[in-house]
Amino acid sequence: MRAPQTQFVPGTAQPPGTQSFLGRLFDNRHFLGLLFMLPAGALLLLFLTYPLGLGVFLGFTDAKVGRPGEWIGIENYEWLVTDSVFRLAVWNTFLYTTIASVAKFGLGLWLALLLNEHIPFKASIRAIVLLPFIVPTVLSAIAFWWIYDAQFGIVSWMLQRLGLIDTYIDFLGQPNMARMSVIIANVWRGVPFIAISLLAGLQTISPSLYEAASIDGATPFQKFWNVTLPMLSPIIAVVMTFSVLFTFTDFQLIWVLTRGGPINATHLMATLSFQRAIPGGALGEGAAIATAMIPFLLAAILFSYFGLQRRRWQQGTKD
Amino acid sequence: MKDTEQTAGMAYLVSLPRKVVTVYIPLGVFLVVLLFPFYWMAVTSVKPNAELLSTTGNPFWVQHPTLEHFNKLLFHTAYPSWMWNTILISVIATFASLAASVFAAYAIERLRFRGSRQTGMAIFLAYLIPPSILFIPLATMVFKFGIFDSKLALILTYPTFLIPFCTWLLMGYFRTIPFELEECALIDGATRWQILVKIILPLAVPGLISAGIFAFTLSWNEFIYALTFISSSENKTVPVGVITELVEGDVYHWGALMAGALLGSLPVAVMYSFFVEYYVAGMTGAVKE
Amino acid sequence: MKTHTRRDFLKTTSGIAASAALGQSLLARGASAQQLSFKPESGAALRVLRWKRFVQGDEDQWLANSKKFTEATGVAVTVESENWEDLRPKAAVAANVGSGPDIIIGTNDDAHLYPDKLVDVSDVAEYLGKKYGGWYDLARQYGTSGGRWIGIPMGAGASAIVYRASQVKAAGFDGIPRDTEGFLKLCQALKAKGTPPGMALGHATGDANIWCHWLLWSHGAKLVDENNRVAINSKETEAALEYAKKLYATFAPGTLSWLDPSNNKAFLAGEISLTANGVSVYYAAKNSADPKVKAMADDIYHANMPIGPIGRPTEMGLAFTAVLFKYSKYPQAAREYLRFMWEKEQFEPWMEASLGFVTQPLRFYESSPVWKSDSRRFAYRDSVKFMLPNGWPGKLGAASAAAMADFAVVDMIAQAATGAASVQDAIRMAERRAKRFYS
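Residue numbers (numbering that gives the first Met the number 0), protein chains in the order written: chain G, 0 to 318; chain R, 0 to 288; chain X, 0 to 438.
Looking at chain G on its own, in the form it has when it is part of the complex (with noise of 0.2 Å):
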């Protein structure tokens, strides 16, 4: 709410009714609002909200690199949905995100317990924890290539060393094979990020609730599941959202250490939206499969809008 201008304090403000116009504007805070939006909003209305539009006409086109297209209707999803191969990427990317994202909040969520316990030197360890998640995601992907190399591999040499295997594991060449090594390359990225956040949030759970569990004859279990995760829940939503968002989106670990195959088994909606599109030239069909991909997104910002809903409920104050 704006304070009348009726006061008068040397050497500050303008005596009333001498203000100008242009003074008065830039004091009316809906005007200064917008103003201020500007460089934000306009970037944003011209690099994201244009391009979203744009890519979903594209899709509707059958436009290739190097020359525009013309408007051919539904036809690249009708071709899009007998694809096998394209049936096998939408596949490919449930896939990767469910167990993916199970695993990055199992073991996320332990870590995050971990690092609640007294334990000493928890600042450095915490550092350390995140560093996965820091160092760019494709440095990263290139020392697991490197680890999962099907004549060098380190695990498979450290294996073979204990015995448990004869021959070396081929680890991205086989489809099954390929599709657990990048699961597990994505959950080593993931988990950090994950376990720092759920830190936080149990960081705020006061531990007279814990206290009061256990003057209740609460067990370990009992506690977790009545006091932790409801507290959680809503940090979890929030986090999940984002981490299962980002996951369903990947490109970088898949392009780097597989390129979708071996013969298409680890394609995902986005690698495979880039390779139809860039070197294979057809920016239409491309765009169509990246579209395809936007139903998925809206339901899991449904889903995290629910998620805020529920904890405005439980923390009872306005958001």
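If you're looking for bench data, these hints aren't it; they were derived computationally from the structure.
Just so you know, even glycine gets a beta-carbon here, dropped at the ideal spot from N, CA and C.
A hint or two may mislead.
Part of the chain G face toward chain X, derived, beta carbon under 10 Å [unchecked claim]: (1) Tyr147; (2) Ala149; (3) Thr166; (4) Tyr167; (5) Asp169; (6) Pro174; (7) Ala177; (8) Leu256; (9) Thr257; (10) Pro261; (11) Asn263; (12) Ala264; (13) Gln274; (14) Arg275; (15) Pro278; (16) Ala281.
Based on these hints, arrange chains R and X on the given structure of chain G.
Just chains R and X now, kept in the frame of chain G:
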């Protein structure tokens, strides 16, 4: 939130051996697994090719460490250009995004102009739109604007995912600044601009640093836009350059690849190590809001 | 890597004046003169974009040749190179947007994606063809469209069987059998001896496409017929896939995920005894700092790809063609550059420096020193003669380019060979995908 507060109450109930098994060992395993690829990266980057491709000997240690891979990387590839490009683009994009975000966050959170709540929600939603959906239409726009294969293409497109995040973060920070401070200033007759610059900004410095560090890290990590919009060797960023060029035609240069990966991670890791608290605050702040 | 070869202004103008005078007296266009020359426009400067060298010598000599050109004509030339896969979209964008490098040396179907944006270079091509023994068929196919020359073929990066002679001998063979059946027996023997072969079945844009198309064509199968109608569903394709299954059984593990560098890596590490590749493996061995690998170079030999039931060579390679864009401001200078670089004095040293990585497009260069100085490379000499263009026997164009970029043939062979799909299913899937591109 002080660590001692929460577990001081009942920690004495957990015996040490039990703790070792349920806490220290799993934690140790986590740490080893999380750090191993970096160790491997570092070891491989100083191993000579002969040792890299041999199946005898202990691969965990290096017999004759060498700097030849770094030498090849720094002096026989365009790596220095890539590093420079990435730094330049990340810094400019971060600053531009922060500037835009500060204004936007202040407008939404403090000025509460008409429609600010919806705008705030829209900004949050904007962050959820991933680059892998936008890169094709952005590519056509980049071709048309004539900025294909230039750093400008990235400087203009990176803010699309930096601004939403920074704005969201800063909104949270501004929320923690008591409104009374502003009210006093308003009563004293200060303009909105003065309030922003003299009161809010100095108090929000931690938030700015957090957002800045996070934005820098996000830019450094970006791949698909850089891969699609840039094709000349000298204009590439580190992630794209290392992946597309350290494989010379059809020969892998593992040592150089690892050296490139290691060096490419260093700036971000170094920056992060100085500002860990800010980074974590930024990450958790965004999630909590 | 960029090179700026500029002379300062005074030298340039006097250079142009001198060469212009020279050019006037030598100018003889169209006639079968021994020397054809184009007069570069005044103040001309050229931007050339080419694929990034696989062999260091290639780039060094190309730049040296370009420098010679600048010294002779005063035209400054900037040569840039890019990863050949990155080059394709960049060239397409340049064509569409109407600005970019004057000359682009691209790969395979590139020129046929936008022929109307390219300058007719028939004068240069006809001259070179007459002077140097004529173009091979493959060069003609890649360089012409609608009866006119849209580019000057540079040759092709060929693939041959690269093998360890000692290991082949130990398996009981004197060399590589000339027919596919014999070749299969060799591979089986190699595997039995613990020295298996290996060829890429992942999305290796070069290697996988090259050997998979060879396999398909050698059995008389094809993706499309002469009229670009999909013809993959045939007995010949089934035969090819059955062969692929048997061949895959002899491979070292991991080939399903191999990208272009993987077979080089495995070969040089001694994991495989035989693969299909360009001369880069031999080159890497010869120049290796590791004494073990260097010693291997003496054991590396090359042989042409075997001939299948179809009865004739059916090789595929990475064809290179130089195109000149209509938007270029200096078409005459560009023509002169192309002519100059393809003349014997420049082309032969360049071939030598490339260690035979690029096989020539003109017959005269069969006698080039590069094929004599190291007999080991000899198999690559006739590669272009044996090569078939992408999409053979159909026409080059957007459809053939798209089909290759989508790995339709490679995936089909990979699926059948590994048993991921039955032969019939694999064929049907490839047929559907091909119909999409060739519709």
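Per the CB criterion, is G/Ala149 less than 10 Å away from chain X? Since chain X brings a Cβ to about 3 Å from G/Ala149, closer than 10 Å, the hint holds.
Using the nearest Cβ pair, does G/Thr166 come within less than 10 Å of chain X? Constraint on G/Thr166 satisfied, holds at 7 Å.
Taking 10 Å as the limit, does the beta-carbon of G/Gln274 come near enough to a beta-carbon in chain X? Cβ of G/Gln274 sits 8 Å from chain X, so the hint holds.
Checking hints one by one. Is G/Ala281 an interface residue toward chain X, by the C-beta closer than 10 Å rule? holds, 6 Å
Does the closest beta carbon of chain X sit nearer than 10 Å to the beta carbon of G/Asp169? At 5 Å from the nearest chain X Cβ, G/Asp169 passes the 10 Å test, so the hint holds.
Hint status (Cβ of G/Asn263 to nearest Cβ of chain X, threshold 10 Å): holds, 7 Å
Could you check if G/Tyr167 really has its C-beta closer than 10 Å to a C-beta on chain X? At about 7 Å, which falls below the 10 Å cut-off, the nearest Cβ of chain X leaves the hint on G/Tyr167 intact, so it holds.
Grab the minimum C-beta distance from G/Leu256 to chain X and call the hint holds if it beats 10 Å, violated otherwise. At 9 Å from the nearest chain X Cβ, G/Leu256 passes the 10 Å test, so the hint holds.
Minimum Cβ distance from G/Ala264 to chain X below 10 Å? Interface hint status for G/Ala264: holds (8 Å vs cutoff 10 Å).
Does the CB of G/Arg275 sit less than 10 Å away from some CB of chain X? Status holds, d = 7 Å.
Proposed interface contact between G/Pro174 and chain X, which counts if any beta carbon pair is under 10 Å: holds, 7 Å
Mind checking the CB of G/Pro278 against every CB in chain X and telling me if the closest is under 10 Å? It holds, given that the least Cβ distance between G/Pro278 and chain X is near 5 Å, below 10 Å.
Figure legend: structure checked against the earlier numbered hints; every hint is met.
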